[in-house]
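**Q** Chains as they are written, first to last, in the working numbering: chain A, 1 to 318; chain B, 1001 to 1076.
Take these hints with a grain of salt, some might be off.
Claimed, not checked - DEER-style ranges, computed between Cβ atoms:
no., chain 1, residue 1, chain 2, residue 2, range
1, B, 1075, A, 247, 19 to 29 Å
2, A, 10, B, 1040, 40 to 50 Å
3, A, 292, B, 1023, 17 to 27 Å
4, B, 1015, A, 37, 19 to 29 Å
5, B, 1034, A, 211, 49 to 59 Å
6, A, 226, B, 1006, 36 to 46 Å
7, B, 1017, A, 289, 42 to 52 Å
As the list claims (entries may be wrong) - Restricting the straight-line Cα-Cα distance to at most 25 Å, the calculated cross-link-like pairs of lysine to any residue (SDA-like) are:
no., chain 1, residue 1, chain 2, residue 2
8, B, 1007, B, 1045
9, A, 55, B, 1047
10, A, 123, A, 107
11, A, 55, B, 1070
12, A, 55, B, 1060
Hints listed in this document are in silico derivations from the structure and should not be mistaken for laboratory results.
Positions of the beta carbon are idealized from the N, C-alpha and C atoms, including for glycine.
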Amino acid sequence: MPKRGWLGCSFPILAGMLIVFLALFVVGFLSGPLGRSMFGDVLPNWLSVPRPDPKLPAETIFHLFGFPITNSIVAAWLTIVGLVGISFGVTRRIKLIPSRWQSALEFLLGWLLSFCQSVAGEKNGRRFFPIVTTIFLFVIMNAWLSLLPGFGSILVTGSEGVTVHLLRGANTDINLPLALALVSFVFVEYFGIRSRGFRYLGKFINVGQFFRSTGQLFRGRLKAGLSGLFTGFIDIFVGILETLSELVRIISFTFRLFGNMTAGEILLLIAAFLIPWVFALPFYGLELLIGFVQALIFSGLTLVFLTIAVTSHKVEAT
Amino acid sequence: MEPEVMKMLAIGLAVGLGMLGPGLGIGLIGYSAMQALGRNPEARGPIMTNMILSIAFAEAIGIYVLIVAIILAMIV
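Bound conformation, chain B alone (with noise of 0.2 Å):
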């Protein structure tokens, strides 16, 4: 297999599987903020606050992916 062609591959995988994680990550984040919030509406200041946090933390990881991506396509 020829180079550009392996490196397009890994680009595509890497991405594609590494994204999953924070995907999922942030979708229960998401779910369980909307419970609690629907459970008790009065929370609504530090329920918000801890899901932001929460949320900024599993998308460093995505963030960690596309770095990866990037310095795979810079590969030349």
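Next up, chain A with everything else stripped away, as it sits in the complex (with noise of 0.2 Å):
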């Protein structure tokens, strides 16, 4: 057995390893914008880096109906088509010893389901379970596959004439994150409503106390009247507060995946072009760390608030 040095590997092996990222190491540098600047005579025309471009509206490929296709919406189809993909051929044949692909989702979707628990409770849980899921598998599956080689590359004649790119990571156009932050909020205020019936809509219309202290004011009692008129409009106030905050978690949600991915996009895309193949493998590692964070926050806030909207005060107050 060779002698094991670093990383497992034996000798020859390690220096072969080193050998050649030191020559995509010098490779890279020369052709990228520094090696360019410094050396600029002597290289070849070839070996050159173009300047990265990141616009942020997403460009239009083709027009289906009279909707405008961009490179976005192929991106997401091509998350659609792969969940659904793993989910229907993990599914046709379903053992009770499990082959390895059924038990790699089945350990994710069980993980999922105690997280969904851990935190709204046992019955909620498993209420919440499907929408939770499908948030954080879809904003995940987004943010991963946006990292494979051909997304951002790939070069197509775009609607006017222009060359676009044909996929670009779909958590990159602002409207994806909206329409996730919308499907949470209505999802939220529908759960609220069916666990605690309209009831639920007197947290922001909260005019109960004002219009018993006018009550009371009329008929004679106006120390009480008084005091009850004050409460009744703090409580408005509070009411009105509450409903802006809702409002407001819709631009917060949106804004927050938008921002991360969007960031995320243009680091790669400016560490791609300063040293080229080599300078890029750390912030892959973050961009992977941050997809999956971000779709736990996601996820993970659409179910607190859930859980906040189902419990009624009562339970709350002990």
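Hints in hand, dock the two standalone chains.
**A** Shown next as structure tokens:
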């Protein structure tokens, strides 16, 4: 058995890997802008890197029934096909002793179910599991698929004759995080109304105390009426604040996901531009982690707000 | 002052001043999480979960600043 050095490899293999890495680093350095500015004249022309040009709105590729289809929509379709394909393929033959793919999927779903139940309790966790898992899987697949080669490198002719990229990370188009935030908002309100009836809306329109105190004023009880009136005003104000905070939640969700993903995309573009091939490696790791964390945050916050909407105040007061 | 110079100044000031808050905030959250972990290493699960959640809230503010900077940079 050859002598084991670092990384578990024998010494010749380790030396070979280091030499390959150094060669990639040198070639990348020379072809990037740093090498070009230092040794500009002696380098051949084909050893250059084009300047990255991140555009914020997603570019249209073609039109379908009058709707402009952008490259981020195509990437979202790819995600959907991937997710549905994996789920469909694994669940065709479910066995009692699971195969590898089935046990991997079971592990993932079991972990997500235990996450939901740890935050929302046993029964509610099972009720909120579909929406939370859908949001989590969709966001994480979008984020991780956009790291594969092909995203941002395949060029096609766009709708106005401009060359555009065929695929772009779906989370970097602001419409997708907005759509997910709206879905989350609608589901929070729906579950709140379904669990507590229309009295759930009484959290936002809190005029009960106000009308009661005006009734007291009319019946001649001035002191109780006036203090009740003050409390009524404060209740109405708190109700307006609650409404505002629900609506601002949509914007906050949108910008959190969009900002993280766009910043990551621009970071990868710049890192790949400065020293190609080598410098972008740690940033890829960072992007993997950020994709996972952002998916967890989006679905976790949805879960927390769902739990708050469903719990009645009598339970919270204990 | 020319518009180009003003634009550069605005972007730099926005990002520089705006990232102070979230940076300090995340540092404070990490500090308290480390303290809690030191006192009670068995409660690692809930502490880490809540820490990640709080850091996401604080980081969102920094992302708003980034959006403003990107929008400013896109004005020609």
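**Q** Give a verdict on every hint.
**A** Outcome of the hint check:
Evaluation of the 19 to 29 Å hint for residue 1075(B) and residue 247(A) yields a pass: the beta carbon distance comes to about 28 Å. For residue 10(A) and residue 1040(B), the hinted distance range of 40 to 50 Å is satisfied, since their beta carbons lie about 45 Å from each other. For residue 292(A) and residue 1023(B), the Cβ-Cβ distance of about 22 Å falls inside the hinted range of 17 to 27 Å, so the restraint holds. Separated by about 26 Å at the C-beta atoms, residue 1015(B) and residue 37(A) satisfy the suggested range of 19 to 29 Å.
The given range of 49 to 59 Å is respected by residue 1034(B) and residue 211(A), whose C-beta atoms sit roughly 51 Å from each other. Distance hint check for residue 226(A) and residue 1006(B): the Cβ-Cβ separation is about 54 Å, which falls outside the suggested range of 36 to 46 Å. Between residue 1017(B) and residue 289(A) the beta carbons are some 27 Å apart, a value that contradicts the proposed interval 42 to 52 Å. With a CA separation close to 46 Å, the supplied pair residue 1007(B) and residue 1045(B) exceeds the 25 Å bound.
The hinted pair formed by residue 55(A) and residue 1047(B) fails the criterion: a straight-line CA distance of about 39 Å is larger than 25 Å. The straight-line distance between the Cα atoms of residue 123(A) and residue 107(A) is roughly 20 Å, inside the 25 Å bound, and the hint therefore holds. With a CA separation close to 10 Å, the supplied pair residue 55(A) and residue 1070(B) stays within the 25 Å bound. Between residue 55(A) and residue 1060(B) the CA atoms are separated by roughly 22 Å; this keeps the pair inside 25 Å, and the hint holds.
The earlier numbered hints that this structure contradicts are 6, 7, 8 and 9.
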